[in-house]
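Taking the hints into account, I'd like the entire structure generated from these sequences.
There are 2 protein chains.
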Amino acid sequence: MKKYLIEHEWSIIEEGFDPNNHEVSESVFSIGNGHMGQRANFEETYTGASLQGSYMAGVYYPDKTRVGWWKNGYPEYFAKVLNSTNWIGLKIVIDGEELDLYQTKVSEFVRELNMKEGYLQRTFKAELQDGKQLKVQATRFVSIVDKEVGALKYEITPLNFNGTLTTTSYLDGDIKNEDANYDEKFWDPVNTWIKDNRMSVTLKTKKLDFHFCSTVETQIFSNGTKLELTGTAKEAIKYASLVYDVPLTEGESITIYKYAANVTNRDYDTDQLETVSSTVLDLAVSKGFDQLKQEQAKGWANKWLDSDIVIEGDVAAQQGIRFNIFQLNQTYTGEDERLNIGPKGFTGEKYGGSTYWDTEAYCLPFYLATADQKIARNLLVYRHNHLEKAKENARKLGFEKGALYPMVTMNGEECHNEWEITFEEIHRNGAIAYAIYNYVNYTGDKSYLGEYGIEVLAEISRFWEERVNYVPAKDVYMILGVTGPNEYDNNIDNNWYTNRIASWTLEYTIEVLDYLKKSDSVLYQKWIDKLELKDEEVNQWKDIIKKMYYPIDDERNVFLQQDNFLNKELIPVAELDKKHLPLNQNWSWDRILRSCFIKQADVLQGLYFLNHEFDLDTIKRNFDFYEPMTVHESSLSPCVHSILACQLGYKDKAYEMYLRTARLDLDNYNNDTEDGCHTTSMAGTWMSVVQGFGGMKIKDNRLYLNPFIPGEWQSFSFKVVFRGARLLVQVDQEKVTIINETTTSVDLSVYNNQTQLDGKATVEIAL
Amino acid sequence: MKKYLIEHEWSIIEEGFDPNNHEVSESVFSIGNGHMGQRANFEETYTGASLQGSYMAGVYYPDKTRVGWWKNGYPEYFAKVLNSTNWIGLKIVIDGEELDLYQTKVSEFVRELNMKEGYLQRTFKAELQDGKQLKVQATRFVSIVDKEVGALKYEITPLNFNGTLTTTSYLDGDIKNEDANYDEKFWDPVNTWIKDNRMSVTLKTKKLDFHFCSTVETQIFSNGTKLELTGTAKEAIKYASLVYDVPLTEGESITIYKYAANVTNRDYDTDQLETVSSTVLDLAVSKGFDQLKQEQAKGWANKWLDSDIVIEGDVAAQQGIRFNIFQLNQTYTGEDERLNIGPKGFTGEKYGGSTYWDTEAYCLPFYLATADQKIARNLLVYRHNHLEKAKENARKLGFEKGALYPMVTMNGEECHNEWEITFEEIHRNGAIAYAIYNYVNYTGDKSYLGEYGIEVLAEISRFWEERVNYVPAKDVYMILGVTGPNEYDNNIDNNWYTNRIASWTLEYTIEVLDYLKKSDSVLYQKWIDKLELKDEEVNQWKDIIKKMYYPIDDERNVFLQQDNFLNKELIPVAELDKKHLPLNQNWSWDRILRSCFIKQADVLQGLYFLNHEFDLDTIKRNFDFYEPMTVHESSLSPCVHSILACQLGYKDKAYEMYLRTARLDLDNYNNDTEDGCHTTSMAGTWMSVVQGFGGMKIKDNRLYLNPFIPGEWQSFSFKVVFRGARLLVQVDQEKVTIINETTTSVDLSVYNNQTQLDGKATVEIAL
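Heads up: the protein sequence lines correspond to chains A and B, in order.
For the first sequence, position 88 matches number 88 in the numbering used here, and the numbering has no gaps at all.
Quick note, the numbering used here runs 1000 ahead of the 1-based positions in the second sequence.
Just so you know, the hints here were simulated from the structure itself, not pulled from any lab data.
Misleading hints may appear alongside valid ones.
Quick list of in silico lysine-lysine cross-link-like pairs, DSS-like style, CA-CA up to 30 Å [to be verified]:
no., chain 1, residue 1, chain 2, residue 2
1, B, K1176, A, K176
2, B, K1003, A, K71
3, B, K1071, B, K1401
4, A, K578, B, K1391
5, B, K1579, A, K401
6, B, K1071, A, K350
7, B, K1234, A, K71
8, A, K579, B, K1534
9, A, K389, B, K1578
10, A, K71, B, K1002
11, A, K350, B, K1579
12, B, K1474, A, K620
13, B, K1185, A, K206
14, A, K64, B, K1534
15, A, K3, B, K1578
16, B, K1389, A, K206
17, B, K1071, A, K396
18, A, K474, B, K1474
19, A, K578, B, K1176
20, A, K207, B, K1389
21, B, K1207, A, K185
22, A, K71, B, K1396
23, A, K238, A, K176
24, A, K579, B, K1207
25, B, K1185, A, K185
26, B, K1064, A, K64
27, A, K391, B, K1579
28, A, K71, B, K1578
29, A, K396, B, K1002
30, B, K1389, A, K579
Pasting the structure below:
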């Protein structure tokens, strides 16, 4: 953990340049628009440690699997998020000396990520070796309005000299993924051209035939006047550049603009890419930097309108939650149903893949409550689109029917390769079923069930049907050899959470079948036919539901995380010498496995998901038993605990858990932010506020709120989009105020008092 | 499985050349002498598929670990057996055309591994493109008398032409390991020289500073007369060669001799290597090929005197068992206590490392019964020498005391990297303790206990002491999170075998302490002081012995392989569709894990080791329960089952299991012999005959025999070295004859009738 960023309500700010922080800042100050994104690399040459990264959503590479010992069933490749053409590059040479903040003396350095308006800005003074001083201001963004457009403005003011600026504006596609398994490059050249002030590089991936064309135009202005310069063109393989010589006059600014249009054959015909790219670029250039930036600010204002959370009296907390919301909105906009929410968004390339169960378990609620419901729906459709691959995956592992969704995927195929996770962390299938329930429960959009949902539910149910193991001696069904959400316990029998979510899936699938049968018998029959679903199969599901085995500790009356959990020595984390923490950096894997320590919510994950099934006493007994043994070494852990702690009235615990998630990356809590931000866990932070402190739940088409405010805060407020309405919920130490910002009325329950909140109405409850 | 070798009692013979069999033959026809060895590569150029391999015992490389996902505690490297300088190389060019059996027309090809006399021979006729025919006979061996010496004789006879032979005799040290994790070369050049007919290449490893010098002399004879030729020297990095032009006359043979002296700085000072190598070479050259070969035959006759097994009436079985004995004797001679028995001997480089628990569990009995007892003792001393590393290994995994021997090692450090094995297959520690018991029980050499044994036993006991887990609720000790000998069950709790061998180690350690206390109180006190062994510690061991938990199935009255074994669906292998076998090539890992199918003896391994603790009924119940679920997918599995089947009188099962091991590599049973032979399992084959069909056991300083002969055999006989005597045990369908070939008398029990067999005496028992 290292705190060096300035606290501010709307911006992330770094003052003074320290190369040791640079890679962390490159992650934190990343910009993205759902279609593309990049780390906060410098435009000019930087020879210090840096992870240069530009990423195009959905463009990936199947990197050959690397394992120590092959196990049957491992995937052939690991899909890597592809580092691609660097379009921001500007070499800045002044009278022969190159600007390089690792070498050059720098002062008054300020880097700012303006989250309100969605841009990255950097200002500094540099002193060259011969004493020449200059001021630089660099601003850039990727547009959330014109998704394929990026723009940057680089302003140089010589402070004490006249001279010559030689600037090389370049496009560099000769890029490597830092995490390539065998140190290979993934891109092949297709075409490069330079004409007037434009240049273009088209690449294709060595496998899968992704084509990516980046075209940029460079413009140079002096004191507001565009210079009619002819650059010197230089081409190389996968590289294009234009070199300009510009006279510098003391006190007068030279401004370089660079506009980029980045298009891929995911969206256009391959042979049209260069044409499309030029057309997109024409539009961007015609708008100009200032107009693009204004549109950007407006676009972000709209995002904040739906999703902002305000915390008063705690700037660090305010900054933390806004940073999380900002990054989520930069990563996934929901407009492209082929996309999903990668674990690092556009902020790094570690882990690869783009889709984990994080999406369903943690991210979906954020998008449900802060955006148009079609965005959440697209997240579900994404999995429906992968259903055939999930069926193939089940076949590959030897199942005769059903679907097993992958642990990590890019295109629906599994790409993780640790047997205890890839093959055994099958509870992920349950989360995908649960997300359907969650979506329908939240939106009331039951049409999804008949359109797509039932097919996914039935195939997942079939997987569970085959995966359970009937034990005649006990007349029960068991699920053997799994890894639950707590990955610190592997290949265990009867993980309570997995057994419960499996059985729940069967229950919900049957419920949905009944609903379809009643509501639309034609549609129902269509699915019965298509799925070839027999009564015997549904009866078998019912038998499994009836006879599913759940390990329980009779003495403590808690659900057991797995059959043998009580064989372990039960010790609270508090009694561990601090030197052992984090366990995953200090203990060997076997020691972790045979210990009682829990990485993230497991039984409690079930109590969170299926909260309505359990009374407070049950939740309390289990929370009191498990939380003390939980080390929260997954970034996804504290949020669930924070929410349950709120429910149980454990105020201090709730606030403690909230703090563990809110500033995870800003304060580099796990000392790994240089690899990129923990994007999916950011949705968990949002959940902690809205579902935890706000106590929000949906039941029977009614929005329940049960807010409490941590003593540390003056007030907090959040917005919730629900059934066409947008509510602003404000909580301070005296009262709760709920304002319906729209004209749609909402069925509400606050502290279990049911009411209807009309359009534009406000309700106030004293605390 | 593919059978193409000719059955013969004393030789392995391949007739006719088929490139598709070549890599398998390269493994099978390998030669070695404990100090060095090589695959049966051709001397001349061969451009077809081939795994070129020359190996020096104890010379290895720490190849950087390759894993998919790093786990804390993984070793930094995997020790690779090092492929090293190829000294046999001879380019054969006749009038401009190179001899290459992949290109050249070849007939009358015969390859023979003469196991009786220990050499490899190959004869063939070749017809060149222009119709020239020649006959070649190539013979070579690595001497078991002069360990650093290799010699080859390559005789060419032109059958229908006169011409010129241009032969390049070379030393090539620019060698790669085929299984290098990152495709690196492991050798750096040190020095190369060529003088007269000698050349020398010295290399060193890029890490660890192993130096290896190979010096060779080439001699060329024509019809028995040495030709005084001056070769043309050619040097390159890590390479030296001499090119000779020799006139060929129809019908007259040219014979090329190549003598090699291969020395390493494991045995000599680094700066002396070239000198030593030349001196060794002088001696070899002065003896000449024929004398070296005669000495080789004599040396092998001595080996066979102690270790031969004769099977009459079944040539395939005879050849199989001799092949196994031959390979064992080629791999490990016991003269160098720093060495051990690598899983592939000198026949390939797969798996790496040199020492697995195979050594203690399977190989030790062979060397105990067929060689001087110092050889078996050296295998024990090897582990004692690694004790400090084993203690470090335990510390690395978080244990405060005790020693955990590695799963795979070269120098005492762990180099395996699968958590379920590296960290969890800890039963290996028990086998190392058991080997001490086994050695003392067999030899009666109790001095080993006071000299080395007790230290190893105490440190292993301490490991178990810390590794067990006391469960207050049940007042028992458990061992959680292990992998037993059956690697098809991972991270299980209370593997019966592991629990039993752990407790047994404690029992035996206490027994040895008691023995030392009574027999030599000074020595005893020395160890108590050195080990800082307190009474409390020993009392703790006693408590663990008393309260160790053993999972049992009350209903069937069998020991349970692990706590949750009965959750599994219990199906006999016989009911599996054959298409599923072998499981490890057809099932994903999770499917294997949650199935009941067993890779190799687990509970039964315990019943084999601690046979004296269990009555026949117990053994029978467990055998009857487990064997039907065992797929024997470890080459180490069938032998234990064969031995127990013999004990239970299951004749057919015993013979079936024997057949599975005896010709494993000769018939390429697992379709992987091209990677090298399954060397350690060969000792298991020997055990099947001697301990299985021979029923040999040692108890109370008495040799027990309980032979039975499979109906398929006329007779079989084996030799056993026991307490200074050598017995020849002959069994035919009518009688058992035991001949004491030495003058030392032996306490014997045949079919439970105790007797004393005097020196040179014979006893005959009718069947």
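We went through each hint and held it up to the structure:
The straight-line distance between the Cα atoms of B/K1176 and A/K176 is roughly 27 Å, inside the 30 Å bound, and the hint therefore holds. Restraint check for B/K1003 and A/K71: satisfied, since their Cα atoms lie roughly 28 Å apart, inside the 30 Å limit. Note on B/K1071 and B/K1401: the hinted pairing holds, with a Cα-Cα distance of about 22 Å set against a maximum of 30 Å. For the given pair, A/K578 sits about 25 Å from B/K1391 by alpha-carbon distance, which is consistent with the 30 Å threshold.
For the hint pairing B/K1579 with A/K401, the CA-to-CA distance comes to about 19 Å; that is within 30 Å, so the pair holds. A distance of roughly 16 Å separates the Cα atoms of B/K1071 and A/K350; the hinted pair therefore holds under the 30 Å criterion. Between B/K1234 and A/K71 the CA atoms are separated by roughly 47 Å; this puts the pair beyond 30 Å, and the hint is violated. Under the criterion of a C-alpha separation no larger than 30 Å, the hint pairing A/K579 with B/K1534 is consistent with the structure, at around 29 Å.
Using a Cα cut-off of 30 Å, the hinted pair A/K389 and B/K1578 holds, with the two alpha carbons roughly 28 Å apart. Only pairs whose Cα atoms come within 30 Å are accepted, and A/K71 paired with B/K1002 is accepted, the gap being roughly 25 Å. Proximity of A/K350 to B/K1579 is assessed by CA-CA distance (about 40 Å); at most 30 Å being required, the pair is judged violated. In summary, the hint linking B/K1474 to A/K620 is supported, as the alpha carbons are separated by about 27 Å, within the 30 Å threshold.
Of the pairs offered as hints, the one joining B/K1185 and A/K206 holds, with about 27 Å between alpha carbons and a cut-off of 30 Å not exceeded. Among the hinted pairs, A/K64 with B/K1534 is inconsistent with the structure: their alpha-carbon atoms are about 54 Å apart, more than 30 Å. Among the hinted pairs, A/K3 with B/K1578 is inconsistent with the structure: their alpha-carbon atoms are about 62 Å apart, more than 30 Å. Of the supplied pair hints, the one linking B/K1389 and A/K206 is violated, its CA atoms being roughly 46 Å apart against a limit of 30 Å.
Annotation: proposed proximity of B/K1071 to A/K396 holds, straight-line Cα distance about 26 Å (limit 30 Å). For the hint linking A/K474 to B/K1474, the alpha-carbon distance of about 22 Å falls within 30 Å, and the restraint holds. For a cut-off of 30 Å, the pair hint linking A/K578 to B/K1176 is broken: about 47 Å separates their Cα positions. Taking the CA atoms of A/K207 and B/K1389, the gap is about 46 Å. The hint is violated against a cut of 30 Å.
For the hint linking B/K1207 to A/K185, the alpha-carbon distance of about 29 Å falls within 30 Å, and the restraint holds. At most 30 Å may separate the alpha-carbon atoms for a hinted pair to count; A/K71 and B/K1396 meet this at roughly 26 Å. Of the pairs offered as hints, the one joining A/K238 and A/K176 holds, with about 12 Å between alpha carbons and a cut-off of 30 Å not exceeded. A distance of roughly 34 Å separates the Cα atoms of A/K579 and B/K1207; the hinted pair therefore is violated under the 30 Å criterion.
For the given pair, B/K1185 sits about 22 Å from A/K185 by alpha-carbon distance, which is consistent with the 30 Å threshold. Restraint check: the Cα-Cα separation between B/K1064 and A/K64 comes to about 18 Å, which is no more than 30 Å; the hinted pair holds. For a cut-off of 30 Å, the pair hint linking A/K391 to B/K1579 stands: about 22 Å separates their Cα positions. Only pairs whose Cα atoms come within 30 Å are accepted, and A/K71 paired with B/K1578 is accepted, the gap being roughly 20 Å.
Of the pairs offered as hints, the one joining A/K396 and B/K1002 holds, with about 29 Å between alpha carbons and a cut-off of 30 Å not exceeded. For the hint pairing B/K1389 with A/K579, the CA-to-CA distance comes to about 24 Å; that is within 30 Å, so the pair holds.
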